[in-house]
Structure formats: C-alpha cells, structure tokens
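Asks: Given the structure of chain Y, go ahead and fit chains G and X onto it with the hints provided.
Listed below are the residues making up each chain.
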Amino acid sequence: MLEFIARRSLQAIPVLFGVSVAVFLLVNMMPGSAIDVLLPPEATQELVDQVKRIYGLDRPIWQRYFSWLLLLLSGDLGTSVFSAKAIGPDLFDALKNTLQLAVLSAAVGFSSGTLLGFFAATSSSRAVDKVLSIFAIIGVSIPHYWLGIVLVVVFSVLLNWLPAQGMGEPGLPLSWEQIQHLILPVMTLSLIPMGIIARLVRATVLEVLSRDLVPSLDARGLHRPTVLRHVAKNAAPAILALMGLQFGYLLGGSILIETVFNWPGVGNLLNLAIFRRDIPVIQATILTLALFFVLINLAVDILQAVIDARMRRT
Amino acid sequence: MATLDIPGGQPDLLRHVRRRRRGTWRRSAHRILHDPVTLLAAAILLAIFLAVLFAPYMTAYDPYVGSALRRLRPIGTPGHWLGTDEIGRDIYTRLLFGGRLSLLAGVTPVAFALLIGGSLGLVAGYGGGWVNTVIMRTMDMFYAFPSVLLAVAICSIVGAGLTNTIIALTIVLISPIVRLTESLTTQIRSLDFVLAARASGASTVSILTRHVLANVLGPILVYGTSLVGLSIILASGLTFLGLGVPPPEPEWGAMLSSLRQAIYVAPINAALPGAMIFITSLCFNLVSDGLRHALDIRAINETGI
Amino acid sequence: MRPGSETTGKRSSLALPLLEVSHLSKAFPVRGGLLGRTIAHVRAVDDVSFVLHAGEVLAVVGESGSGKSTVAQLLMHLVSRDQGSIHLEGASVGAKDGITVRQLRRSMQIVFQDSYAALNPRLTVFETLVYGPRSNGASRHTSAMRAEKLLDEVGLDPARFAARYPHELSGGQRQRVNIARALSLDPRIIILDEAVSALDKSVEAQILNLLVTLKRELDLQYIFISHDLNVVEYISDRVMVMYLGTVVEQAATDAIFSRPRHPYTRALLTSKPTIDPRRRTTELPIQGEMPNPMSPPSGCRFRTRCPFADDVCAAQVPRTITVDQAANHQVACHMADPLSSHSRAAGMPA
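Protein chains in written order, with this note's numbering: chain Y, 1 to 314; chain G, 1 to 305; chain X, 1 to 350.
This is chain Y alone, in the form it adopts within the complex:
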C-alpha cells in the first residue's frame, strides 16, 4: 500500500517536470514578447538589447529554463514585467480567492450531483429518472460563462437581489456581504460538475445494481444500509476519479467565470497577464494551476487505490 503511494508519487515527478518544460517553452515562444509591451516600436536596438539584458532575455533558452526552474524550486515565482512586483504574494492571494470558489462549487456540485444521480438510479418512477437525467444533460451541455451571464441578468439586472460582480471583502466568506457575492458564481460553477457527476453516478449505480452481487446480498437478508455500503464501495472509484478531474477543471477553468464575475482569482490574473503580455506572470500562473491539477489527480489515484485494492497493481 505504502509502496503504491510512493511509486505513484514518484511517477508524478516526471510529469511535473514535463509540465514545467511545456509551460516554459509554450510561453517563451510567444510572438509578441514583453519587449513589445515595454518599449515602443521605434526604440533603438541598443535600448532593446539593454532591456533584454536586464530581464535576462538574451540568454539561450535552456539556460533561461534552468534558472527559472531553480528559482521556482527555491520558492521564487519571478517578477511581473508589468508591475515590477514579485509575483508570489499576488498569485497566492488570487489563488486563495479561486480556491474559495472552487472548493465551494465542488462541494455543492458533487453532493447535489451524487444525490441526483443516486435518486435517478434508485427511483422506481421512470418520470423522476427522466427529469433528473434531463437536468443532468443540461448541466453538461451548458456553456458556464453563458449561464453566469444569464444568472446575472436574472438576479442582478432584473431582480436586483444579488451583486453582479466582484468579491466584496477578501478573505473567508463570513459576512453576508461576502456570501452575497459568492452565490451567483458558485451556482454557475457547480452546475456543470453536478450534471457530469449525476450522469456518472446514475450509470455506475445502475451498473452495480444490475450485477448479481446486490440481489444475493439482499437475499441473505442484509439490511438496506449495508447493501448500500457495498454499492457505494463498488461505485466509488470511478466516481472519485471523475470528481478529481472535475475539481481540476474547476480550478483550471476558473478563467472564464472569473472574467464574467470579475472575481479576483487566478483566472482573472491570467487573463490580464495575457492581455499585457506579462510573460513571468503567465508562466507562473499556468504552472501553478497545472501543478494543482497533477497533485489532485495523484490524490485521487491514491484514494482510489485505498478503496479498491485492484487499482493498486500498476
């Protein structure tokens, strides 16, 4: 067991390296470099060279990669070309805001999705199943940025119940003012995972129920809750895997929702950075998000293995 965890974690390291290389190459191959943003097009070559030297852009690419990597490993995320401030603290703050959204949306989405899917699978009424399934498929098909806009239209513009933008006070959502700002984005973000999870839970539970295991357990007179526990144990690995993926998407896909709601999170930061061609910020942001995604997948794999011994042999 421990061996599996160690092995799986070790496997994640080359992926992380690969991701860092990919991010670095990706970003540094951008045509309009930061130079174009800092200097006017008529700037003399001498000035351009000087600026390049200041930002270390004149060194060969692999050198730049390694020095960037070294800094990274020592905790330094670089300096923003736009604001000349260290990226670390701002990114960290933005990350906290994004996590707030992501965690809450995940909690709402996963729980409601699981319940929805479970009821759809176990309900004897076909109508209920149909309705819930329709709900689920809508959740999957809807463009969440559009949904955000629609919700804003309904609740902010037309009804004026909730704020349309921003986060209110930064920090944990303890005051009503903060919670107000959270409601619409969380509603928007949680709908898609809810739909996807509901569909998977429904399919998995149905599949488990159709196996001979359950009637035989039932026939042996086991109580309902025990049978349910067996169903859950069998269904859990696939569902957990999907949840992990969905959480990753919530983090990585935050850029669109944060743009719609002007939420000061990582996605918003990225959006601005792309606009400003602020390469260090872009690098740091994408890397952080990807890193989280890899770590989440790792955690999910380990969790899966804990539940289902069959997964341990990889």
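FYI, nobody ran anything at the bench for these hints, they're computed from the structure. Idealized CB from N, CA, C, for every residue including glycine. Hints are not guaranteed to be accurate.
[As the list claims (entries may be wrong)] In silico negatives: residues of chain G with every beta carbon more than 10 angstroms from chain X:
#, residue
1, Leu33
2, Val37
3, Arg137
4, Pro246
[To be verified] Cβ-Cβ distance ranges computed for the label pairs, FRET-style:
#, chain 1, residue 1, chain 2, residue 2, range
5, Y, Gln45, G, Ala111, 43 to 49 angstroms
6, G, Thr77, Y, Gln45, 53 to 59 angstroms
7, X, Ala91, G, Ile116, 41 to 47 angstroms
8, Y, Leu158, G, Ile116, 41 to 47 angstroms
9, G, His293, Y, Ser111, 24 to 30 angstroms
10, G, Pro246, Y, Leu295, 44 to 50 angstroms
[Said to hold, decoys possible] Some, not all, of what chain G presents toward chain X, calculated at C-beta under 10 angstroms:
#, residue
11, Val107
12, Ala199
13, Ser200
Replies: Just chains G and X now, kept in the frame of chain Y:
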C-alpha cells in the same frame, strides 16, 4: 451441397449471405431511427446546419453593417425579430453568420482529433511496448492540463484567429481520444478472435481494420460526438476571452462578450448568443447519448433487435 | 475402443516426427516495486519437450496453471518463446534455413476454449470463415466455395448458418464454426485448447465425434489440451502430463492410464470421476494447493504435494527417464531414476 452450386457461376452462398445480412451497423441504424429524442436533436442540428450554411439567403441584412440609430433594440422589434446589438447590427443575422464560425470551430477540431488521436491510440494499444510508453507518456503531459487552461495557453501563444483556435482545440482534444482508443484497443487485442486472426496469418493492417477498428469505432464515435458540444463551448469561450476570432467577426462567443457590456440596458439580447451555443451543444450531447444506446453491442445481441 | 488409434500400431517410433518441440521455455515478467521494474518471473513453461507423429492425437493434461495453454500459444507463436526450438517436419521454425512463422501457421491452427470470444461479434459466420483464406491470397470465389464446404463438413447447413452472427448460435454450433475456421487454411495439425471444456456434456460428445471423424477424413493430427481425463482417454493416442510448467510424464494413452509412474499422474487418475463402482479410491488424493508459479519449489516442483517426497527431491530437478521404450513412456521423477538417491528409487509398486 451440390444443390447450392450454380454451375460455372459464383456460388449462391455469397449472394445468400449478402441478401440476408442484417449487419450490426444496420441494426444500430434501426435503433436510432426509433429513438424520438435523438431524432429530434439530430433534426434540430440539421436545421441549424442548413440555416447557417445558407445564411445569406435567410436574411436580408449584412452582419457587419450596423446603424447607430437602431442600437440595442429589444426582441420583437419589427424588422429585427431578435433585436439588434450595441452597434445596431441585426442579431438574427449575426447569429446565422456567426454560426458558421462557431460550428466550424466546434466540429473541425473534433474531426482532426479523432483522426490523429484515433490512429495514435490504435498504434499505442496494438503495438504495446515502448511505442505505447512513448505515446502515452506524451499524452500524460497534455492530460495534466485542464482543457480550458491548455486551450488558453496555446491560443495565447499562437495568437487569435479561427485557424489558430482550431489548432489549439485539436491539440486539446487529442489527449483524451488517444487515452480512450488505447484503452479499448488494448482490451480488444487480447480477445480470442484477434488471436485467431493473428493465427490465421493475416497482416497487421488487415487485423487492425477488420477486427480491431470495427469493434472500437462505436465507442469512439459516441465519445467524439460528445466532444463536439464541448468544442463549441470552448471555441466560443476562447473568443469570449478575446483569444479566438477577432471582431468584427460575428462569432457566438464574441457576440456574447460584446453584448455583455450592455447587459443593464438590453439583458435579453445579451443572453441570445449563449442560447444558441447551449442548444447546439445540448443537441450534440443528445445525439451522442442516442448513438451510445444504439451502438451498445451487448444490448443488440441480447435483444436481437 | 479408441477411435483413430488404428494408426498407432503402424507407426514406428523411428519415423520422422511431424512436430518436434525441444526444451521450450517461457517466463512472463512480473512488474512491481517502486519504479515498476521487473521483480519476478512467472515460469509458465519450463523445459518442455515432446513430439507429435503423423496420425497421432497428443493430449496435454494438467491443472489450471500448469502451462498447457501457454504451450499452445507458444506453438502458434502468439507469444514469443524464451528458449527452445520447434521443428515442423524437420524444419526449424524461425531459423534461417527453416520455415517462417507464417508458413508454420499454414500447417497448424488452433481452436480456443471460449467459443464466443473466439468470434468477432461483427462478422457473420461466412465472413469469419473466408477471412483466413482471403488473408492468405485466396480469391473470393475460392474462399466462398471453401467456406460452404467447411460448414458442411462440420455439420452445419450452409443455407441456414452462413449468414448468422455468433450470438445467433449455440455453444456447440459456435465451436463447430471455430473448428471450421481452423480447417479453412487446410492445416495438418490442430491444437484444441480446452475446446470442449465449456460445452454441455451431450454437445461435448457430438463435437468429439466430429473431431474424430474429421481426423480420419482429412488426415489430421491433434494436440488436445484438456483437464478432463475421460475425454482424454477417449480421443488421444499419447498423453503428456504437465505440472507447474514442466512435463512430469508422457506415454501412450493406455500406458498412462493403466501404469502411471508419476505420483501426480496417479493422483490425477484417482480423482477422475468414473461410473464403474468397482473402482475405489485406494490412493491418497492430492494434498495442498498449487504453489506460487513465481517461486516454484526447488528441485522437483511437485514435491510439496507429493506423499513420497525425499531429500533429493528438493535438491535436484528430476531427470527424464524412459521407463518403457516400446510405449515411449517417460517420467520425470527421482523414484523412477535408478541413479538418484531417492529411497524408493528401485521402482514403485505398479
């Protein structure tokens, strides 16, 4: 045995087989044709597709020309049944023309990704060994990025524009397709009938096409159709962020973005382009579900329909 | 008595064997450990040698995990061998001056146990049957005629069965199709890997009779893999007993059944179900479970379950001794080896 022979001609058996053949594909088609929801969704898609294709004939307006006098007219305005946008352009017209771009940006990447990803997955799954390792580890690297993030990252490098959007989305979509195909191929390849085919001396290409592909194609197709919806949403999302098709092109995502500015003045208008994205994506997903149901070979075999 | 055995007497043991397998070995790597390295090997087949003469049916028997199916896959080259050689009519398979695997497969085909999994669910019976010949260059016309003829030979009316799909056939019918497919390339040897094990008894009898008829009419040789000793006694000329990847005994069928020398063979025969009330269990049934194939017992692999195990059994791998030249009866046991230090080496009571 002699009764079935036609002297000097092709044996009756061949024709007999062909005549009586109720192929598995044919039975799947039969199932779909009796599924009302899927048919409806497919019909809607067809309607959208045709409307978008024949856009110039469906409207009298020019999608690029607006009028400052007629800005942000609401739905139901005579002459502009879906209203006008912030520059005075007819929304209905822009939806039609925008549909071309959005659909193109949605369907093309999936088609390319299926082709490239499917082949890679087949090779990785059937070949095994180091070929498999190389391909799958490379895919892992891409898989490490959430799709939106990857699309954004790629687009921010290669720049805006329709072609670049298609390239970026193709790259994003290849990874999950390769994973699925490889997994399916690995399962099929160890089945007895593939072993039997190998034992009969058939070439690898023949085995791949006749045996492996035929059994892998179904799930891949289902997955592919479900990806189109996602691709359209991603493409519009990219444009919404300013990374896709630049203005003044009428693309659904772009429309959403620009109309959003006017959300307090004309809220309903702002919601329209997104509704199109939603409907299209929903229909693709419904068709995908219908396909999955129709191609379920176990169910087909068990019920014999 | 045993159909098809009329040829046994005619053949002399000096005639060139049709198929000669020498020292066949295959180990499968087991991955594990921190870096996914190979931490162990499953020695599925270890130094297996046997011959198949013209007109013969050779049975391979053993428990699950004995390596029988792996031998079949090695013969068909569906799995690559680690060591050993395979000679078909004197020509070495895979050697430069011998024959290719492709050529081997023209002479040797296989029928699998799971009749359903062995057929592509998307192809009709007809398409399955023409696939082999077409892949080897036959024309559409020739393949079609051949398919029709084959269906007739295996007892399926072409008019009724050619257009059917695997799920429209019963188990017995499917296996007939599989046999027809094996025959479609006109092989000389057919490997039947537990081909009748999954069928109902009555169907099994029909298929066995079909196999016997085909052998006579088409001059075939069979390698019949099974764990059912009654079937083996019925159909085979020679029997090879395998345990944990090694050959423990091989001999002509009646020698094996009436004068088994290896303790494992004797135990197997004891547990064979029989209708004869006079046959009582006089010997110990087999004790224990099959050991882990990743780390088989040292020396003789059967020693952990053998009631006669001695010190030498753990120390040395038993030699293969020919105990009866006429019946070509070979045993791998220290007790049969007069040169071993086994306490019973002088010979077991018959």
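Asks: With reference to the structure, classify each hint as holding or not holding.
Replies: Taking the hints in turn, this is what the structure says about them:
Listed as a non-interface residue, leucine 33(G) keeps its Cβ farther than 10 angstroms from every Cβ of chain X; the least gap is roughly 20 angstroms. Valine 37(G), annotated as away from the interface, keeps every beta carbon of chain X farther than 10 angstroms; the closest lies near 26 angstroms. Against the 10 angstroms criterion, arginine 137(G) stays outside the reach of chain X, whose nearest CB is about 12 angstroms from its own CB. Look at proline 246(G): its CB is around 47 angstroms from the nearest CB on chain X, clear of 10 angstroms, so calling it non-interface holds up.
At about 46 angstroms, the CB distance of glutamine 45(Y) to alanine 111(G) agrees with the hint of 43 to 49 angstroms. Remark: the range hint 53 to 59 angstroms for threonine 77(G) to glutamine 45(Y) is upheld by a beta-carbon distance near 57 angstroms. Checked against the hint of 41 to 47 angstroms, the pair alanine 91(X) and isoleucine 116(G) passes, with Cβ atoms roughly 44 angstroms apart. Checked against the hint of 41 to 47 angstroms, the pair leucine 158(Y) and isoleucine 116(G) passes, with Cβ atoms roughly 46 angstroms apart.
As the Cβ distance of histidine 293(G) to serine 111(Y) is approximately 28 angstroms, the hint placing it in 24 to 30 angstroms holds. Taking the beta carbon of each, proline 246(G) and leucine 295(Y) are about 36 angstroms apart, not inside 44 to 50 angstroms as hinted. Because the closest C-beta pair between valine 107(G) and chain X is about 27 angstroms apart, greater than 10 angstroms, the hint is violated. Here the hint on alanine 199(G) is kept, as its CB sits about 5 angstroms from the closest CB of chain X, short of 10 angstroms.
At a threshold of 10 angstroms, the smallest CB-CB gap from serine 200(G) to chain X is about 4 angstroms, leaving the interface hint in force.
Consistency with the previously given hints fails for numbers 10, 11, ordered from lowest to highest.
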